[in-house]
Structure formats: C-alpha cells, structure tokens
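Peer 1: Chain order of the listed sequences is A and B.
Heads up: take any position in the first sequence, counting from 1, add 150, and you land on this note's numbering.
Heads up: take any position in the second sequence, counting from 1, add 150, and you land on this note's numbering.
Hints listed in this document are in silico derivations from the structure and should not be mistaken for laboratory results.
Watch out, some of these pointers could steer you wrong.
Same chains, same label: a pair holds when it works inside one copy or across any pair of copies.
When the alpha-carbon atoms are kept at most 30 Å apart in a straight line, the in silico DSSO-like pairs for lysine-lysine are as follows [what the hints assert, rightly or not]:
(1) Lys513 <-> Lys174
(2) Lys405 <-> Lys503
(3) Lys179 <-> Lys497
(4) Lys487 <-> Lys497
(5) Lys275 <-> Lys503
(6) Lys320 <-> Lys442
(7) Lys320 <-> Lys487
(8) Lys550 <-> Lys419
(9) Lys405 <-> Lys487
(10) Lys288 <-> Lys550
(11) Lys320 <-> Lys275
(12) Lys497 <-> Lys288
(13) Lys487 <-> Lys407
(14) Lys174 <-> Lys442
(15) Lys550 <-> Lys497
(16) Lys174 <-> Lys487
(17) Lys174 <-> Lys503
(18) Lys275 <-> Lys513
(19) Lys275 <-> Lys174
(20) Lys442 <-> Lys550
(21) Lys320 <-> Lys174
(22) Lys503 <-> Lys288
(23) Lys435 <-> Lys275
(24) Lys320 <-> Lys503
(25) Lys407 <-> Lys174
(26) Lys288 <-> Lys435
(27) Lys288 <-> Lys513
If you want the building blocks of each chain, they are given just below.
Number of protein chains: 2
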Amino acid sequence: MRIIEGGVTAAQGFEAAGIEAAIKYQNRKDMALVYSQTPCRAAGVFTSNVVKAAPVLWDQEIVAHAPAVQAVVVNSGIANACTGQQGYDCCRQTAEKTARLLGIASDAVLVASTGVIGNQIPVEKLLAGVEKLAAAKKDTAEAGTMAAEAIMTTDTVSKQAAVQIELGGKTVTIGGMCKGSGMIHPNMCTMLAFVTTDAVISREMLQTALREDVVDTFNMISVDGDTSTNDTLVVLANGAAGNPEITDRDEDYVKFKEALNYINTTLAKKMAGDGEGATALFETKVIHAASKEDARILSRSVIGSSLCKAAIFGHDANFGRFLCALGYSGVSFDPEKIELFFENEEKSILIYKDGVAVEYSEKEAAQVLASPEVRVLVDMHMGEEEATAWGCDLSYEYVKINADYRS
Amino acid sequence: MRIIEGGVTAAQGFEAAGIEAAIKYQNRKDMALVYSQTPCRAAGVFTSNVVKAAPVLWDQEIVAHAPAVQAVVVNSGIANACTGQQGYDCCRQTAEKTARLLGIASDAVLVASTGVIGNQIPVEKLLAGVEKLAAAKKDTAEAGTMAAEAIMTTDTVSKQAAVQIELGGKTVTIGGMCKGSGMIHPNMCTMLAFVTTDAVISREMLQTALREDVVDTFNMISVDGDTSTNDTLVVLANGAAGNPEITDRDEDYVKFKEALNYINTTLAKKMAGDGEGATALFETKVIHAASKEDARILSRSVIGSSLCKAAIFGHDANFGRFLCALGYSGVSFDPEKIELFFENEEKSILIYKDGVAVEYSEKEAAQVLASPEVRVLVDMHMGEEEATAWGCDLSYEYVKINADYRS
Numbered sequence: 151m152r153i154i155e156g157g158v159t160a161a162q163g164f165e166a167a168g169i170e171a172a173i174k175y176q177n178r179k180d181m182a183l184v185y186s187q188t189p190c191r192a193a194g195v196f197t198s199n200v201v202k203a204a205p206v207l208w209d210q211e212i213v214a215h216a217p218a219v220q221a222v223v224v225n226s227g228i229a230n231a232c233t234g235q236q237g238y239d240c241c242r243q244t245a246e247k248t249a250r251l252l253g254i255a256s257d258a259v260l261v262a263s264t265g266v267i268g269n270q271i272p273v274e275k276l277l278a279g280v281e282k283l284a285a286a287k288k289d290t291a292e293a294g295t296m297a298a299e300a301i302m303t304t305d306t307v308s309k310q311a312a313v314q315i316e317l318g319g320k321t322v323t324i325g326g327m328c329k330g331s332g333m334i335h336p337n338m339c340t341m342l343a344f345v346t347t348d349a350v351i352s353r354e355m356l357q358t359a360l361r362e363d364v365v366d367t368f369n370m371i372s373v374d375g376d377t378s379t380n381d382t383l384v385v386l387a388n389g390a391a392g393n394p395e396i397t398d399r400d401e402d403y404v405k406f407k408e409a410l411n412y413i414n415t416t417l418a419k420k421m422a423g424d425g426e427g428a429t430a431l432f433e434t435k436v437i438h439a440a441s442k443e444d445a446r447i448l449s450r451s452v453i454g455s456s457l458c459k460a461a462i463f464g465h466d467a468n469f470g471r472f473l474c475a476l477g478y479s480g481v482s483f484d485p486e487k488i489e490l491f492f493e494n495e496e497k498s499i500l501i502y503k504d505g506v507a508v509e510y511s512e513k514e515a516a517q518v519l520a521s522p523e524v525r526v527l528v529d530m531h532m533g534e535e536e537a538t539a540w541g542c543d544l545s546y547e548y549v550k551i552n553a554d555y556r557s
Numbered sequence: 151m152r153i154i155e156g157g158v159t160a161a162q163g164f165e166a167a168g169i170e171a172a173i174k175y176q177n178r179k180d181m182a183l184v185y186s187q188t189p190c191r192a193a194g195v196f197t198s199n200v201v202k203a204a205p206v207l208w209d210q211e212i213v214a215h216a217p218a219v220q221a222v223v224v225n226s227g228i229a230n231a232c233t234g235q236q237g238y239d240c241c242r243q244t245a246e247k248t249a250r251l252l253g254i255a256s257d258a259v260l261v262a263s264t265g266v267i268g269n270q271i272p273v274e275k276l277l278a279g280v281e282k283l284a285a286a287k288k289d290t291a292e293a294g295t296m297a298a299e300a301i302m303t304t305d306t307v308s309k310q311a312a313v314q315i316e317l318g319g320k321t322v323t324i325g326g327m328c329k330g331s332g333m334i335h336p337n338m339c340t341m342l343a344f345v346t347t348d349a350v351i352s353r354e355m356l357q358t359a360l361r362e363d364v365v366d367t368f369n370m371i372s373v374d375g376d377t378s379t380n381d382t383l384v385v386l387a388n389g390a391a392g393n394p395e396i397t398d399r400d401e402d403y404v405k406f407k408e409a410l411n412y413i414n415t416t417l418a419k420k421m422a423g424d425g426e427g428a429t430a431l432f433e434t435k436v437i438h439a440a441s442k443e444d445a446r447i448l449s450r451s452v453i454g455s456s457l458c459k460a461a462i463f464g465h466d467a468n469f470g471r472f473l474c475a476l477g478y479s480g481v482s483f484d485p486e487k488i489e490l491f492f493e494n495e496e497k498s499i500l501i502y503k504d505g506v507a508v509e510y511s512e513k514e515a516a517q518v519l520a521s522p523e524v525r526v527l528v529d530m531h532m533g534e535e536e537a538t539a540w541g542c543d544l545s546y547e548y549v550k551i552n553a554d555y556r557s
C-alpha cells in the first residue's frame, strides 16, 4: 500500500470542481462536483437520524436502485433538512440539470448538502452553480482540492487522502475527501465523505467493504455527540484500473479493504482533529477488552465526554473523569483491574493502576496533554479485543461557533 | 400541599450543620451533617456508574441492610472515588467517629462525598470536621441552610425545598437539599440530594416512592451528559409527625408521593438551572408521545444536545438542531407530523409544523430564548404520554470551569 497525494481525482477517470455559488455566503466556494468519465458502482451509508435531510432520502433511493452513478453535486451553504417536499424537489431539479449538462441519466446523480437546517435552498442559485461546476470540472489534483475546499463549513482545513495498491498486476487507486467540524457523532456513517476508486469490484462487495469498515472508522469519531440529519458517505468505483473483478472475500478484497480502511481512518481522524473549536485530536484506545463491541463502546464513551474533552483543552491530568466516562459507558468491568495511560507521540505515562492513582509527575502529564495529538490508552485486562475512537477537545471556540452559527 | 421555607431541618426532629474543615479548599464550608433525633427508615438510589465512589459503596450496604439510619456526613472537597481500600476505610472511620460522638450505631451513619476524583481524603481533617459538626448541629432553618451551603462545589447558589401535607389529621413535612453543577447526568439518581421527612411510612413504601419518582425528576436532568461516580439521593423518614403509617398504595401514599415529587422536581430543576456555567434553565416538554418512555427519551435527547444548549446560550432560534436531537434519540416518528414551539413564562411561539418552518419573528424568538427559563415544547401528535426534562445552556464559562477545575 502506497500513500500518495491527492483526493477524489487521484483514481483514474475521475474529475472534480469547486466553485462559488453564493448559496448562503459570499466570497467562498460552496459547491462541489465529483464526476466519473464512465458509470460507477456505488455504495453508501447514511445517517441513522429519523430526521433525514432531503439529499439523504434522494441518495438512499439511488444507491439502492439505480443501475449506476456518475456524479455527485454538493452544496455547503444550506443543509436542505426539514424542508419538506420543496427540499426534495430541489434535489430532483439539481440532478436533472446536472444530468442534462453532463449527458448522463438523472438517477446517476447523487446530491449532498451541509449547512443550516430548516432553510430552503434558493434553487436558481443552485442550478446556476451546477452550470459553473459542469464547465469547471477537471481530472487534476488541483480540481480535487478545489472540491475538498468547497464542501467545508466550519472546517478550518480541507481533508483529503489517497492510496495505491496492486491488484492482479494492475495499480488500483482509492482517494477521498470529507468535511466535518460540528454536529459530528456519526451513526452508520459520517457528515459528508466521498471516496472514489478505479478498482473493478462488484456492487455487493463494495457495499460490504464499506459497511464493515465504517464501524471502525467514521462511526468511531465524535465532535459533539450530535448525529446529523445529513451524514453521507459514498464510495464510487468506476473500474478504470482494469484489475480482475473483486467478487468475493479473496486476497484482493482484503487488500482493497485495507486500502479503504486507510482512507476512511485518515479522513475520520482529520475530521475529529478539526472538530469545531478543536485545539487537539483526542484519541482513546482501549485494549484487552472482553469483546470488540465493549472496546468500541468504552473508547467512544471517553472521547464523547464533555468533562474529558474539557480536561484535554485545559491540559489537566484529571484522570478521574476518564475512569468516570468508562464507568457510565454501559460496559461492565472491575475498576481495580484497569490501567490508564496518557500518551503522545513520544511518551506514555501510567496514571492509574490497582484502583488508585500511581505516582506520576503532574508536570509531565500536563506536557503530554498539551500535544496536538493526545492519546488515552486503557488496558482493561479482560480479553483480547481492542478499538480506537477519535474526538477533539472542548474549547471556548466550540461554544462561540455554535452560539453564533447562524449570524 | 403547602410550600414552605426551609430544607432538611424543616421536618420535625431533624438537625443539621455546615462547617469549614479545609479538606481541599480554605475559607469555605465543606462539610455538612444531617441528623435525626430518632432513628429513621431510609431509602436511597445511587449512581449506575460501574466506577462507584467509596461512600456510594458504603451507603448502598447500609440502606439495604442496616436496621435504621440516623445521620449523614458529607464533604464537598474530594469525591473519594477511585481511591481503593484506603477510600473505603475513610468512610468507615468517618462513620465510627460520628457514631461515637452522637451516641448511635456506626451502621446508622451514611457518608457522601463530592469533588475531585482520584485523590485520597486527608482523614484527620475529615475526623476533625466531624467533631465540629457534632458540636454545631441545630434544628433551625439556619442550620439547614448552612448544611445546604456546605455541600456546594461549583454550584453558585444553595438548593433547598420544603413542603407540608396533612395525613390522617397530622401535619407531615418533607424537606430537602441538593448540590449539582457539573458531571450531572443522573442515571438511577443524581449527584448529592438529601430529603428528610417526619412522615410515618414503611421502609418498603419509602423506597418504592423514591424509585418511582426519581425517573421523572432527578433522572430527567442533565448538565453535561457525564454520569458521576458519586450520585446519591437519600430520603430519611423519622416518623415524628405521628400520622397513621403508610404501608400500601392508599390515598395517603398518593399524597406523600405528590409532596415528594414536588421536593424532587424543585431540587432537580434548581440543579439543572445552576449547571456549571449556566445562564438559563433549559426545559424540554414532549407531549402526545406514543409512550411515556418515548417522551422521556425524546425530551432528554434535546436537553442533552451540545448544539441545542449552545443555541440557547446564543439566543439563536436554530430550530433544526432541536429536530435533529429528537431525530437521533432512538425514538421513531414522522418528522412531518410534529410541532415545535419556543416558550417562556409569557409567550409561546410556533416555529415548525408540517415538516417545514412556519413564518415566525426571529426577533421575538430570540427574545423568548433570552429568558432565564426557556422551554421547548414538542407536540408529537402520536399518543397521550408526556415528559419533561431539564438542562441548561452551554457557555464559555462551562469550558472555563472544567478546563481549570483542579487548579
């Protein structure tokens, strides 16, 4: 597996664009297009929220029933959630316009939105944006970056990843982009993430790979515990690499899944580390848990705790909060048996063992917690399973962003 | 039911004290005593956190097995959680000392702690505090207030409530005090709350009344989603009122439970409204839900959402966040059918209906959201059940308090 530069245009036959459509804000890119020169097999996972945005309803239908997908149109001004029939019509009009301009079927067009919930999108601006996107699309890395920038809302950096593997003597590329920041607590998937690949893989195995991987990647991050109405993760595979088709769980499937896991993990961590107001990526790894599900629940409970997040922000080794968050997770364990460490790239400090705090240097612990990537390692001493979850600290800036968001 | 002034000393035969013991901080009261002149029947509910503080383990044993309870000793400096055998020994020593000084059995003494997790309590300071408490205890309202002040941590105001009812021609009083502020997301009960009554009631019916009531009172509040290691709610009944004993679900039981519900609701709301950094009490009432449990889950999901809490802090009628929080609660419903209102004492503004926003004045909505007590009313149009949950807004101050807590 070779990590390369790039994003959604890294794989062969994919083009992208990012432009200004002034949907809600001026002077910033707010619409993106991902386009494949040939029809793609598509797999997707979507929000589990009962309140689903119109584009989620549109995309679920297409991913389940349409013969192929060839384009995705995204706007980052208005979420198009809680917008009723008018919101759904807006999706249809977007897809139809895109289809006409690109010479493809309208049920080959996915749409996605992120932004304020409850407002209607000015459809004429959206359709004008589609025209600009169709004219601007290119297969360059730069075009991929423009698209990654155009889907940002309160994100502070754009998020891309790409990787190459060899399958049957052919080079297969997977690339992706995502946006996150607030209302991030994916359940089944995440905010907006788009992955493209030129792999030849059956629709069933593509969906299987995505479903299996998402539980350990996008479903393991949280910024604020709020599961969005718009969460969408889509993978498009156009087959341009010409590798032998992946149709079952063979060696190639395992390689493909490893590569997909790298992309999803990288994008998910970027999302967590750039959560609204974040000053640090806050990782919790639980090892030697009794079951995989226990490990997932325990690690997510810690990164989701407001008090743990605030302690990370304050560089305060207030380890009791971490034990407390493990304790209310719903998983049963003996607090006397676990060990807790604070870690960064260079150091690992044991803080708690045998039911009590060990002797440790508060100064050294505070230094570790001041790192841009902080890890809490919990050894449950109960079994062989492990899981990692990613979040971020809770800062004044998070409150500021979300108290002022609409203004 | 007559609402009266006072707290834990309002009922006949109860005394209290609050003193400075310098357990962790100087120049503030940090130990409290509640004492009954005669033995009490006791009922209690405690944290569901797997990581239980030593005093919780001590109290659970006594409430389950001891013949009577006559005193509660509280410190608000150190939580005595994650402190191993030494922490439990500290509870035993506290109870033994208290028992000697008051001439009662050591298994008639409950202990409770709140504060930093993971530190050991300097036991000599605690025992010196017990001496001061035993000398200072009085049956006055002022003594009750001193106790209510002594259990505060980051609370900004002390919290008491008292009420009187007539049972079989006798006046029965129930009074209580509590502290809350941070790490508040009770599950089975709450941080520290102590209720005293002179009612004659069997131990079984006292525990039944408490268990039944707590699901609609203390279990319906949240400040930050973190279920503490120390949550303790204890009711002591000394029988001094001389009413006919309550031994089953008769009319007197119903009256007693109504009064208990008033005390618990009042204390729980005070706790929510004085959550760490709070500028407003944030209430969510869900009506016409399909089941009581649905109503509870939906209302708690809204008051627990960081994004809803930040919107209240910002006085921003960003109603989509409230729908989003209902949507990810786990309860199934049709978003097109529900109605959402923002309310304060004087006004009720319809914001959302038939799947879309209605025409409303942003200015008027912002004014309502700027009230000290804000209510979100959600009509599910699905059935006849309702529930109310209470929380607070999310402010810069919450982050500040919890990033700096130990310093």
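Peer 1: Indicate, hint by hint, whether the structure satisfies it.
Peer 2: Hint-by-hint comparison with the structure:
1. Lys513 <-> Lys174: between (47 Å within a copy, 20 Å between copies)
2. Lys405 <-> Lys503: So lysine 405 and lysine 503 fail the 30 Å test inside a copy (39 Å) and across (49 Å) alike.
3. Lys179 <-> Lys497: neither (41 Å within a copy, 40 Å between copies)
4. Lys487 <-> Lys497: Close inside one copy (23 Å), not across copies (54 Å); limit 30 Å.
5. Lys275 <-> Lys503: between (59 Å within a copy, 26 Å between copies)
6. Lys320 <-> Lys442: neither (34 Å within a copy, 59 Å between copies)
7. Lys320 <-> Lys487: neither (50 Å within a copy, 53 Å between copies)
8. Lys550 <-> Lys419: Intra 23 Å, inter 26 Å, cutoff 30 Å: intra and inter.
9. Lys405 <-> Lys487: Answer is neither; intra-copy 37 Å and inter-copy 47 Å both fail.
10. Lys288 <-> Lys550: For lysine 288 and lysine 550, the Cα distance exceeds 30 Å both inside one copy (37 Å) and across copies (47 Å).
11. Lys320 <-> Lys275: Classified as neither; 42 Å inside a copy, 74 Å across copies.
12. Lys497 <-> Lys288: The answer is neither: 45 Å in one copy and 54 Å across copies each exceed 30 Å.
13. Lys487 <-> Lys407: neither (35 Å within a copy, 42 Å between copies)
14. Lys174 <-> Lys442: neither (43 Å within a copy, 40 Å between copies)
15. Lys550 <-> Lys497: between (33 Å within a copy, 27 Å between copies)
16. Lys174 <-> Lys487: Between copies only: 28 Å across, 53 Å inside.
17. Lys174 <-> Lys503: The answer is between: 24 Å across copies meets 30 Å, while 53 Å in one copy does not.
18. Lys275 <-> Lys513: between (55 Å within a copy, 27 Å between copies)
19. Lys275 <-> Lys174: within (10 Å within a copy, 61 Å between copies)
20. Lys442 <-> Lys550: Neither: 37 Å inside a copy, 35 Å across copies.
21. Lys320 <-> Lys174: Result: close neither inside a copy nor across copies, 44 Å intra and 67 Å inter.
22. Lys503 <-> Lys288: neither (56 Å within a copy, 43 Å between copies)
23. Lys435 <-> Lys275: neither (45 Å within a copy, 39 Å between copies)
24. Lys320 <-> Lys503: neither (51 Å within a copy, 55 Å between copies)
25. Lys407 <-> Lys174: Result: close neither inside a copy nor across copies, 38 Å intra and 53 Å inter.
26. Lys288 <-> Lys435: Neither, since 40 Å and 52 Å both go past 30 Å.
27. Lys288 <-> Lys513: neither (52 Å within a copy, 45 Å between copies)
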